[in-house]
Amino acid sequence: MKKIIIDPVTRIEGHAKITIDLDKSGKVEDAKIHVTQYRGFEKFCEGRLYTEMPALTARTCGICPVSHVVASTKAIDEILGITPPQAGVNIRKIVNLAQLLQSHTLNFFHLSSPDFVYGFDAPKEDRNIFKMMQTHPQMAKDGINLRAFGQKIIQDLAGKRIHPTGIIPGGVEHKIEAPQKEAILEQIPEMLKIAQSALEFFRANMHKFQEEIDSFAAFPSLFMSLTNEEGTLEHYDGKLCFMDSEGKILQDNIEPRDYKDFIGEAVEEDSYLKSPYYKPLGYPEGMYRVGALARLNIAKTCGTPLADEELKKFKALNDAKPVLNSFYYHYARLIEMIYSIEKIEELLKSDETMSDNVKTNSKITKTKGVGCSEAPRGTLFHEYHVTKDGVITAVNLIIATGNNNLAMNAGVKQVAQKFIDAKNITDGALNRVEAVIRCFDPCLSCSTHALGIVSSKIEVRDHNKKVIQVIDRN
Amino acid sequence: MIREKVRVKSFKIDGICVTGQSNQTILEVAHDNGIEIPTMCYMEGLSCVGSCRMCIVEIKGSHEPIPACTAKIKEGMEVTTSSPYIKTAREMILSMMFSERSHTCSTCVVNGDCELQSKSVELELEHSATPYLNQRFEIDASHKNFVNDPNRCILCTRCIRVCDEIEGAHALDLFGRGLNTRVIHDMDEPWADSTSCTSCGKCVYVCPTGALYEKDISEEDVIKKRKIITELIKNKS
Numbered sequence: 004m005k006k007i008i009i010d011p012v013t014r015i016e017g018h019a020k021i022t023i024d025l026d027k028s029g030k031v032e033d034a035k036i037h038v039t040q041y042r043g044f045e046k047f048c049e050g051r052l053y054t055e056m057p058a059l060t061a062r063t064c065g066i067c068p069v070s071h072v073v074a075s076t077k078a079i080d081e082i083l084g085i086t087p088p089q090a091g092v093n094i095r096k097i098v099n100l101a102q103l104l105q106s107h108t109l110n111f112f113h114l115s116s117p118d119f120v121y122g123f124d125a126p127k128e129d130r131n132i133f134k135m136m137q138t139h140p141q142m143a144k145d146g147i148n149l150r151a152f153g154q155k156i157i158q159d160l161a162g163k164r165i166h167p168t169g170i171i172p173g174g175v176e177h178k179i180e181a182p183q184k185e186a187i188l189e190q191i192p193e194m195l196k197i198a199q200s201a202l203e204f205f206r207a208n209m210h211k212f213q214e215e216i217d218s219f220a221a222f223p224s225l226f227m228s229l230t231n232e233e234g235t236l237e238h239y240d241g242k243l244c245f246m247d248s249e250g251k252i253l254q255d256n257i258e259p260r261d262y263k264d265f266i267g268e269a270v271e272e273d274s275y276l277k278s279p280y281y282k283p284l285g286y287p288e289g290m291y292r293v294g295a296l297a298r299l300n301i302a303k304t305c306g307t308p309l310a311d312e313e314l315k316k317f318k319a320l321n322d323a324k325p326v327l328n329s330f331y332y333h334y335a336r337l338i339e340m341i342y343s344i345e346k347i348e349e350l351l352k353s354d355e356t357m358s359d360n361v362k363t364n365s366k367i368t369k370t371k372g373v374g375c376s377e378a379p380r381g382t383l384f385h386e387y388h389v390t391k392d393g394v395i396t397a398v399n400l401i402i403a404t405g406n407n408n409l410a411m412n413a414g415v416k417q418v419a420q421k422f423i424d425a426k427n428i429t430d431g432a433l434n435r436v437e438a439v440i441r442c443f444d445p446c447l448s449c450s451t452h453a454l455g456i457v458s459s460k461i462e463v464r465d466h467n468k469k470v471i472q473v474i475d476r477n
Numbered sequence: 006m007i008r009e010k011v012r013v014k015s016f017k018i019d020g021i022c023v024t025g026q027s028n029q030t031i032l033e034v035a036h037d038n039g040i041e042i043p044t045m046c047y048m049e050g051l052s053c054v055g056s057c058r059m060c061i062v063e064i065k066g067s068h069e070p071i072p073a074c075t076a077k078i079k080e081g082m083e084v085t086t087s088s089p090y091i092k093t094a095r096e097m098i099l100s101m102m103f104s105e106r107s108h109t110c111s112t113c114v115v116n117g118d119c120e121l122q123s124k125s126v127e128l129e130l131e132h133s134a135t136p137y138l139n140q141r142f143e144i145d146a147s148h149k150n151f152v153n154d155p156n157r158c159i160l161c162t163r164c165i166r167v168c169d170e171i172e173g174a175h176a177l178d179l180f181g182r183g184l185n186t187r188v189i190h191d192m193d194e195p196w197a198d199s200t201s202c203t204s205c206g207k208c209v210y211v212c213p214t215g216a217l218y219e220k221d222i223s224e225e226d227v228i229k230k231r232k233i234i235t236e237l238i239k240n241k242s
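These protein sequence lines map, in sequence, to chains A and B. Residues 4 to 477 (my numbering) make up the first sequence, in order. Residues 6 to 242 (my numbering) make up the second sequence, in order.
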């Protein structure tokens with residue numbers, strides 16, 4: 004048996020290693036992702052005061068810190084027993100959507116678009132955003148502008164582009180001023196155009212990637228996301244819902260604070276990333292997917308006109324049943340980009356959002372709090388236990404990417420079996436192994452709450468587990 | 006008791022001829038003459054203990070630097086407040102403060118209003134020159150209004166002095182030795198159980214870092230009322 008190791012896995016957020024095990028005949032027997040970092044957030048948060056948690060846990064990630072701040076402040080809201088004023092909630096939602104937009108933009112334009120423009124077999128030196136700037140300058144510029152738009156909203160409404168301080172327990176620090184609102188609204192038509200043209204580009208080129216669509220983690224699995232009473236797309240409020248691959252609701256109306264009754268966390272010996280699973284089905288049968296694909300599969304409508312039109316087309320991909328091909332995560336993210344721009348506009352135009360009453364305060368009323376939000380990559384959980392004085396005694400975090408761990412591993416195996424030929428291992432084949440991970444847009448440093456020391460690589464091992472090839476992107 | 010007569014002394018600070026009264030310290034005379042010497046534990050109106058060593062100066066003829074806040078002036082002495090040697094020594098002192106405790110500005114409630122932070126900028130300390138030896142201390146959040154986080158304490162003892170000398174309660178003191186030293190209430194009891202604490206909050210206002218802070222307020226709302234305390238002290242005297 005031979006073993007192929009891809010290390011580092013490129014154009015993803017964080018660091019990982021892929022091991023591909025070959026059997027005696029040279030066929031792919033198994034393939035796994037190893038997340039190679041450890042940071043220990045759950046441990047070092049212990050002993051700190053609950054008020055520090057939003058700032059502390061935001062450091063888990065530089066790309067989606069808003070999700071952590073939102074989940075963290077929601078957990079603390081529960082500990083304090085308070086409901087933030089509607090304006091505070093709406094501003095949190097706007098900032099959260101702005102982050103969703105900039106993060107999805109980062110994945111599509113900066114990380115994934117080179118594959119769509121040049122193809123998976125293009126020379127590796129061409130598969131990057133810099134080459135895009137040379138050959139498709141407008142597309143590269145659009146990506147940068149759209150991301151800047153999202154980041155600017157975060158900065159304006161929450162203080163800082165990265166690790167914002169404006170979202171606080173009880174609401175938000177500042178109300179939205181009229182000039183801020185006008186400045187954002189002014190940019191919306193242009194940004195909407197960019198997002199729509201990106202979606203058009205993707206749809207027009209989708210047919211070129213039928214092989215990838217059919218093999219990139221295309222399998223039945225469960226899906227999980229937050230959803231509200233109306234069944235519309237939801238990123239902030241709502242309850243948890245599990246759906247199976249046929250579209251049947253297995254369980255809905257789950258209060259996020261009861262997540263542990265339905266989600267178990269398995270530990271693999273070769274990765275720092277835990278593998279959450281749906282408890283009633285057990286491990287590993289309870290594999291589920293989260294993120295844009297799961298959200299759109301579960302949502303009945305988006306609730307905004309343009310995104311709803313796109314959602315209809317999306318649902319038609321699999322005759323109104325859940326879309327099972329992970330390649331369509333890209334598609335789902337593009338729809339969510341349109342949705343988030345429309346929703347930001349809707350929330351900004353609401354009179355409630357402009358109210359002066361944006362925060363409230365209270366004392367500790369409970370010793371446990373769970374905060375849940377839909378991060379760009381999926382459902383995020385923060386659970387805190389505190390003493391009566393507010394000192395943290397235990398923390399549990401389930402990070403969006405972690406939820407997808409089992410599915411990502413299954414996807415890597417599927418792609419490796421389809422494209423890896425032991426006699427002739429091409430760069431294009433290895434790129435596809437990485438690209439399947441990119442579909443999920445994982446944030447690995449987040450998921451293990453880990454710090455990047457070792458970058459990621461692919462290792463190929465023979466049947467004696469001896470490494471016969473290492474692909475190091477460094 | 007025979008009291009020593011207060012006399013006027015003349016000496017030099019950084020080559021500038023200055024005069025002061027014999028009961029004044031080098032730091033006081035330097036301040037009177039507009040000469041800046043960096044300080045940390047010093048607070049106008051409180052007694053000087055020279056615990057941080059940030060205000061060290063060189064005296065001609067002396068082999069070792071001395072803290073300007075406790076050294077009385079002498080006739081004809083020649084003081085140097087800034088030299089490459091002094092700069093290196095101050096950086097080392099600041100480094101050691103950072104290495105003793107976990108000073109993580111990004112999650113600290115006084116981020117942007119911290120004397121340790123601003124001193125690092127002032128002295129251009131880009132990284133700590135000493136290994137991190139910080140250990141974990143328990144946070145005392147038992148008091149209804151205030152928090153004591155020893156993990157951010159630099160042991161300047163301003164809180165102890167203001168409690169003793171201004172409030173007159175002496176609810177605070179130091180406990181332990183070396184790296185284990187920390188500020189305690191009464192006989193190392195939870196703050197809420199301290200019978201001598203009057204909950205006046207002066208200790209919180211004078212704290213140069215985020216070791217003592219008000220509960221339930223955000224970074225933007227934190228105001229360390231250090232100047233108010235100095236004004237109070239002046240008015241009292």
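The hints are simulated quantities; they were obtained by calculation from the structure and are not laboratory data. Hints may be right or wrong, so weigh each one.
Claimed, not checked - Under the rule of at most 25 Å between Cα atoms (straight-line distance), these lysine to aspartate or glutamate pairs were calculated in the DMTMM-like manner:
1. A/K366 / A/E45
2. A/K362 / B/D118
3. A/K391 / B/E143
4. A/K178 / B/E143
5. B/K207 / B/D193
6. A/K366 / B/E105
7. A/K178 / A/E348
8. B/K220 / A/D240
9. A/K196 / A/E45
10. A/K362 / B/E194
11. A/K30 / A/E49
12. A/K96 / A/E232
13. A/K46 / B/E105
14. A/K163 / B/E143
15. B/K220 / A/D430
16. A/K315 / A/D392
17. A/K391 / B/D191
18. A/K96 / A/E271
19. A/K369 / B/E143
20. B/K77 / B/E105
21. A/K178 / B/E131
22. A/K391 / B/D198
23. A/K35 / A/E271
24. A/K366 / B/E33
25. A/K369 / B/E49
26. B/K220 / B/D118
27. A/K127 / A/D430
28. A/K366 / B/E131
29. A/K391 / B/E219
30. A/K46 / B/E143
31. A/K366 / B/E219
32. A/K371 / B/E219
33. A/K163 / B/E49
34. B/K79 / B/E105
35. A/K369 / B/E131
36. B/K207 / A/D392
37. A/K303 / A/E348
38. A/K391 / B/D193
Evaluated hints:
Taking the CA atoms of A/K366 and A/E45, the gap is near 24 Å; set against the 25 Å cutoff, the hint holds. Restraint check for A/K362 and B/D118: the C-alpha separation of about 23 Å stays at or below 25 Å, so the hint holds. For the hint pairing A/K391 with B/E143, the CA-to-CA distance comes to about 15 Å; that is within 25 Å, so the pair holds. For the given pair, A/K178 sits about 36 Å from B/E143 by alpha-carbon distance, which is inconsistent with the 25 Å threshold.
The straight-line distance between the Cα atoms of B/K207 and B/D193 is roughly 19 Å, inside the 25 Å bound, and the hint therefore holds. A hinted pair counts as satisfied when its Cα atoms are at most 25 Å apart, and A/K366 with B/E105 does not qualify at roughly 32 Å. Restraint check: the Cα-Cα separation between A/K178 and A/E348 comes to about 16 Å, which is no more than 25 Å; the hinted pair holds. For the hint linking B/K220 to A/D240, the alpha-carbon distance of about 28 Å lies beyond 25 Å, and the restraint is violated.
For the given pair, A/K196 sits about 41 Å from A/E45 by alpha-carbon distance, which is inconsistent with the 25 Å threshold. With a C-alpha separation of about 35 Å, the suggested pair A/K362 and B/E194 falls outside the 25 Å cut-off, and the hint is violated. The hinted pair formed by A/K30 and A/E49 fails the criterion: a straight-line CA distance of about 47 Å is larger than 25 Å. Under the criterion of a C-alpha separation no larger than 25 Å, the hint pairing A/K96 with A/E232 is consistent with the structure, at around 17 Å.
Using a Cα cut-off of 25 Å, the hinted pair A/K46 and B/E105 holds, with the two alpha carbons roughly 20 Å apart. This hinted pair does not check out: A/K163 and B/E143 have alpha carbons roughly 31 Å apart, beyond 25 Å. Restraint check: the Cα-Cα separation between B/K220 and A/D430 comes to about 57 Å, which exceeds 25 Å; the hinted pair is violated. Of the pairs offered as hints, the one joining A/K315 and A/D392 is violated, with about 51 Å between alpha carbons and a cut-off of 25 Å exceeded.
About 22 Å separates the Cα atoms of A/K391 and B/D191, which keeps this hinted pair within 25 Å; it holds. With a C-alpha separation of about 35 Å, the suggested pairing of A/K96 with A/E271 is violated against the 25 Å cut-off. This hinted pair checks out: A/K369 and B/E143 have alpha carbons roughly 21 Å apart, not beyond 25 Å. This hinted pair does not check out: B/K77 and B/E105 have alpha carbons roughly 30 Å apart, beyond 25 Å.
Taking the CA atoms of A/K178 and B/E131, the gap is about 36 Å. The hint is violated against a cut of 25 Å. Between A/K391 and B/D198 the alpha-carbon distance is near 15 Å, which keeps this suggested pair within the 25 Å criterion. Pair hint A/K35 plus A/E271 holds up; C-alpha atoms about 11 Å apart against a cutoff of 25 Å. With a C-alpha separation of about 45 Å, the suggested pairing of A/K366 with B/E33 is violated against the 25 Å cut-off.
This hinted pair does not check out: A/K369 and B/E49 have alpha carbons roughly 43 Å apart, beyond 25 Å. Between B/K220 and B/D118 the CA atoms are separated by roughly 16 Å; this keeps the pair inside 25 Å, and the hint holds. For the given pair, A/K127 sits about 8 Å from A/D430 by alpha-carbon distance, which is consistent with the 25 Å threshold. Our distance criterion of 25 Å between C-alpha atoms is broken by A/K366 and B/E131, whose separation comes to about 39 Å.
A hinted pair counts as satisfied when its Cα atoms are at most 25 Å apart, and A/K391 with B/E219 qualifies at roughly 17 Å. Between A/K46 and B/E143, the direct Cα distance comes to roughly 14 Å. Compliance with the 25 Å bound is thereby established for this hinted pair. Using a Cα cut-off of 25 Å, the hinted pair A/K366 and B/E219 holds, with the two alpha carbons roughly 13 Å apart. With a CA separation close to 23 Å, the supplied pair A/K371 and B/E219 stays within the 25 Å bound.
For the hint pairing A/K163 with B/E49, the CA-to-CA distance comes to about 36 Å; that exceeds 25 Å, so the pair is violated. Between B/K79 and B/E105 the CA atoms are separated by roughly 35 Å; this puts the pair beyond 25 Å, and the hint is violated. Of the pairs offered as hints, the one joining A/K369 and B/E131 is violated, with about 41 Å between alpha carbons and a cut-off of 25 Å exceeded. Proposed proximity of B/K207 and A/D392 is supported: the alpha carbons are some 21 Å apart, at most 25 Å.
Pair hint A/K303 plus A/E348 holds up; C-alpha atoms about 21 Å apart against a cutoff of 25 Å. In summary, the hint linking A/K391 to B/D193 is supported, as the alpha carbons are separated by about 20 Å, within the 25 Å threshold.
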